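Student: All chains, full assembly: derive it from the sequences and hints.
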Amino acid sequence: MPTTEELRLGVDVGGTNTDAVVVDSAGMLVAKVKIPTTDDLCGDVEQGIARLLEDPAVDPMRVRCATLGARRATNAIRTASGLRRVAVLRIGAPLTFAIPPLVAWPPELRSAVHAGSATVAGGCEFDGEPLAALDEAGIVAFASAVGSGAAAVAITSVFSLVNPADELRAAEIMRRKLGDVPVSMSHEIGVMGLVERENATVLNAALSGVAAEVGRSFQTAVERTGLEAECYITQNDGTLMALEYSLRFPMLTIGSGPANGMRGGAHSSGVTDAIVADIGGATTAVGRLVNGFPWESLPPNSIGGVDTNFRLPDVLSIPVGGGSVVLGAAEQWANGRMNVGNSLVTEALCFGGPTPTITDAAVAAGRATTGTCPVPAKWHAGLAQHLELWDGLLAEAVDRVRLGADDLPLIVVGGGGDIAPDSFPGVREVIRPPHFEVANALGAAIAPVSGHAERICASRPDRLRAAVDEVSTEAVGRAIQAGADPAHVRVVDVEEIPLTYLRDPAVRIRARAVGPPVTFTPKSSGSAERARRHLA
Amino acid sequence: MVLDTANIEAFALGCAILSAGGGGDPGIGLVMARHAIAESGPVEIIDPDALDPEALIMPCGLIGSPTVAQERVWSGEEGAQLVAAVEGSTHSPVSALMCYEIAGVNGLLPVMWASRQGKPLLDADGMGRAFPEMQQQAMHIAGIAASPVLLTDGRGNVIVVNAAGNRDAERLVRSCAATFGGTCAGALYTMTARSAAKAAIRGSVSKALRIGQMMTKRRSGWPEALADETAGRVLIKGRVTEIERRTGAGFSRGHAVVDGTGACSGRRLRLELQNEVLVALEDGEVLVTVPDIIAMLTLADGHPVGTERLRHGQRVGVVALPGPDVWRTEEGLQVVGPRSFGYDMDYVRGVTGADH
Chain L
1 MPTTEELRLG VDVGGTNTDA VVVDSAGMLV AKVKIPTTDD LCGDVEQGIA
51 RLLEDPAVDP MRVRCATLGA RRATNAIRTA SGLRRVAVLR IGAPLTFAIP
101 PLVAWPPELR SAVHAGSATV AGGCEFDGEP LAALDEAGIV AFASAVGSGA
151 AAVAITSVFS LVNPADELRA AEIMRRKLGD VPVSMSHEIG VMGLVERENA
201 TVLNAALSGV AAEVGRSFQT AVERTGLEAE CYITQNDGTL MALEYSLRFP
251 MLTIGSGPAN GMRGGAHSSG VTDAIVADIG GATTAVGRLV NGFPWESLPP
301 NSIGGVDTNF RLPDVLSIPV GGGSVVLGAA EQWANGRMNV GNSLVTEALC
351 FGGPTPTITD AAVAAGRATT GTCPVPAKWH AGLAQHLELW DGLLAEAVDR
401 VRLGADDLPL IVVGGGGDIA PDSFPGVREV IRPPHFEVAN ALGAAIAPVS
451 GHAERICASR PDRLRAAVDE VSTEAVGRAI QAGADPAHVR VVDVEEIPLT
501 YLRDPAVRIR ARAVGPPVTF TPKSSGSAER ARRHLA
Chain C
1 MVLDTANIEA FALGCAILSA GGGGDPGIGL VMARHAIAES GPVEIIDPDA
51 LDPEALIMPC GLIGSPTVAQ ERVWSGEEGA QLVAAVEGST HSPVSALMCY
101 EIAGVNGLLP VMWASRQGKP LLDADGMGRA FPEMQQQAMH IAGIAASPVL
151 LTDGRGNVIV VNAAGNRDAE RLVRSCAATF GGTCAGALYT MTARSAAKAA
201 IRGSVSKALR IGQMMTKRRS GWPEALADET AGRVLIKGRV TEIERRTGAG
251 FSRGHAVVDG TGACSGRRLR LELQNEVLVA LEDGEVLVTV PDIIAMLTLA
301 DGHPVGTERL RHGQRVGVVA LPGPDVWRTE EGLQVVGPRS FGYDMDYVRG
351 VTGADH
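Chains as they are written, first to last, in this note's numbering: chain L, 1 to 536; chain C, 1 to 356.
Watch out, some of these pointers could steer you wrong.
Unchecked claim - Ranges between beta-carbon positions, derived for each pair: (1) R218(C) - S81(L): 33 to 39 Å; (2) R175(L) - R218(C): 48 to 54 Å; (3) D301(C) - A377(L): 37 to 43 Å; (4) N157(C) - A405(L): 46 to 52 Å; (5) P53(C) - A165(L): 53 to 59 Å; (6) E136(L) - V158(C): 42 to 48 Å; (7) V158(C) - D39(L): 58 to 64 Å; (8) A384(L) - R246(C): 43 to 49 Å.
Claimed, not checked - Residues from chain L that keep clear of chain C, each with C-beta distances beyond 12 Å, as calculated: (9) D24; (10) L95; (11) T369; (12) H380; (13) V492; (14) T519.
Source of the hints: derived by calculation from the structure; they are not laboratory data.
All values derive from a computational prediction rather than experimental measurement.
Here a beta-carbon is modelled for each residue, glycine too, at the ideal position from N, C-alpha and C.
Tutor: Structure below.
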């Protein structure tokens, strides 16, 4: 057995459980643990890692890379808490006044985030012609007006995906005036559609504090366990980004949990095109894998009541998981969210507890063997009814996510994976891959690093080839910024999508570059050091 | 009757339903109209008969690509610029604005402009639904000239198009919209209240509002309720099992298949799509065609589904609503019948009720 081989560690902090795994360089599982999730992110991660390190198969000296999937960003938006106040700069006057920044946001979220806004002259038309010269004096005045009231900045310019120059220049001015505050620029966040892109950019800026806290907790936990590893956060396309990069793009973590589950399921089943159901304790996420990566949803997507158009996996969520309590009329139950959380092993009937859960229904139906004792017969009829309803919910989600593709397998992952049926209408087969219960952590551990870039090339077919090259180069640059090994990064995907309903041709260009993460070596401690300074 | 912050959302819902799946996303239009009303006040909805017969009516809306308009967000001043241009060319004051198209985003932009201008909005429109072309207007059938067409890009540039005929106007105006960066605001078929009373499709605004309010109150059974309200009929309830889209320069065509579920099990409906849903067939038989309105609603919450957002596995109800009477005449069918959209079939009236 080679002793110098690098190991990678993956941790996924779910709503119910925290999973952690160690894999070898071939992606084979070396060790796994599952512990209940608490409110203490740092503590959960530390405990998860510590438990892994108890396994004699894990040599701490060989763990060079640690990855984390966490759900903090989504929760922060849903509860309007822990968000930074954002100076919202829009570039596009005299246009765009019909919809002021944040005007359609839920009031509570807006008041938690809004530090002030301004709309100044600048931006361009669809073909790149300037709308107006950039009003630099207006930007300086806005920076002075918001001053220290803003802990982050969001900048959105009309057609910045055609030409981002005004956003870049405005960012420079805002940084000069406000000092070292995080600045989010819309051309790096969203797609065409000004208001939705601005919303996504503002949320991204508002989440910079959450990202810093997650990064700090992760790094602290890793250090406390004595590991010397580069730290990465998972993105919602099933790839990784370095901590420093995650501070710039916290929005890219939203939906990363299901993405990790899908990637983990693909990895351990060896299947690259499938539907994946990630069944947790309280919810089930159903998505589709295409070429081994999660399929993207069609924007706009609503996050916490705000319409956005940033990249998200196409995932349908069902509010039912293995710990869902089975009570009352079946129809009402479908919308209920009662669950025993991580107390399944003390609460559920199959563990001798008092509470009927959907896991009990699966056990009573002979589908699962979970538990320590039989489910009392008096419950069977009611449980069977709910199990049928659950199967119906899952079937509908699978049907919607497969987008008409026939003959795909269904991969079942997650701690509640036992409750899924063994066969299913509309899918070829149901696969429960090895280690399915820790697939999310596995997906994090085996993930590559990626960088994306996007531009619109309008009215200039002669410029298209050059534009494609520029976008590809930018994607590579961003992958390297995100922590990909520069020696092995490559462009894996370039899409050229013609925009419809236009007389003049216009093409949306998207490129994705992927590479393995840079892992810890004494030389690379520089970047870890930088990240530490950033997070301090 | 007024459109205010309390009912504008219901009105937008009605506009989306009348769009037959086209017309652009009314969501951004709703945000603009609501904001304008909050700042500048509610919009009075006025019947043509309540105005001086010589009063000038300005039909208006978006011309060009609704997709580009999602990025190139409106200044809100387009209405003022159009009114000034129309008054400059006609030398008489504009008394009321009108939606040239009640459906989708074009049902809402004139509400924003009317609110900002403090002018009433006529309870009428030119289409009674959504159509892709400018000459598909009731005013065109009535012999009213589209010209002079006034166009503005919202930052002070104005183009005046004086075309020889309405089809020429369509061609020239598309070209101007492209020059304006893909989208612009336009005023066309400017006419007197007397003409509007005869030529426009009356009651469109109150109809959209009534449908939207009725749908908002419901908690279930939306397809049936919509059919009841509009003298229409539910064609099928089921799931989308097939979608095909072909896009090319300036057009989008395709079809969708809905397989019946529940009481509709065993049935299969085929929908022919362009920007709008234009034809519904079952077992090779044409059930209903344009100009009747074929609306798709999600079964879970009754929301209208645009053709661009339709997806596999979606649970939908498909409802046919009678199209406006003007389109069911011989002259009307020449402009908006199935053949004008390239389908080799006659108009099939899928509903027995009259439009009201």
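Student: For this structure, which hints from the list above don't hold up?
Tutor: Hints 6, 10 not satisfied by this model.
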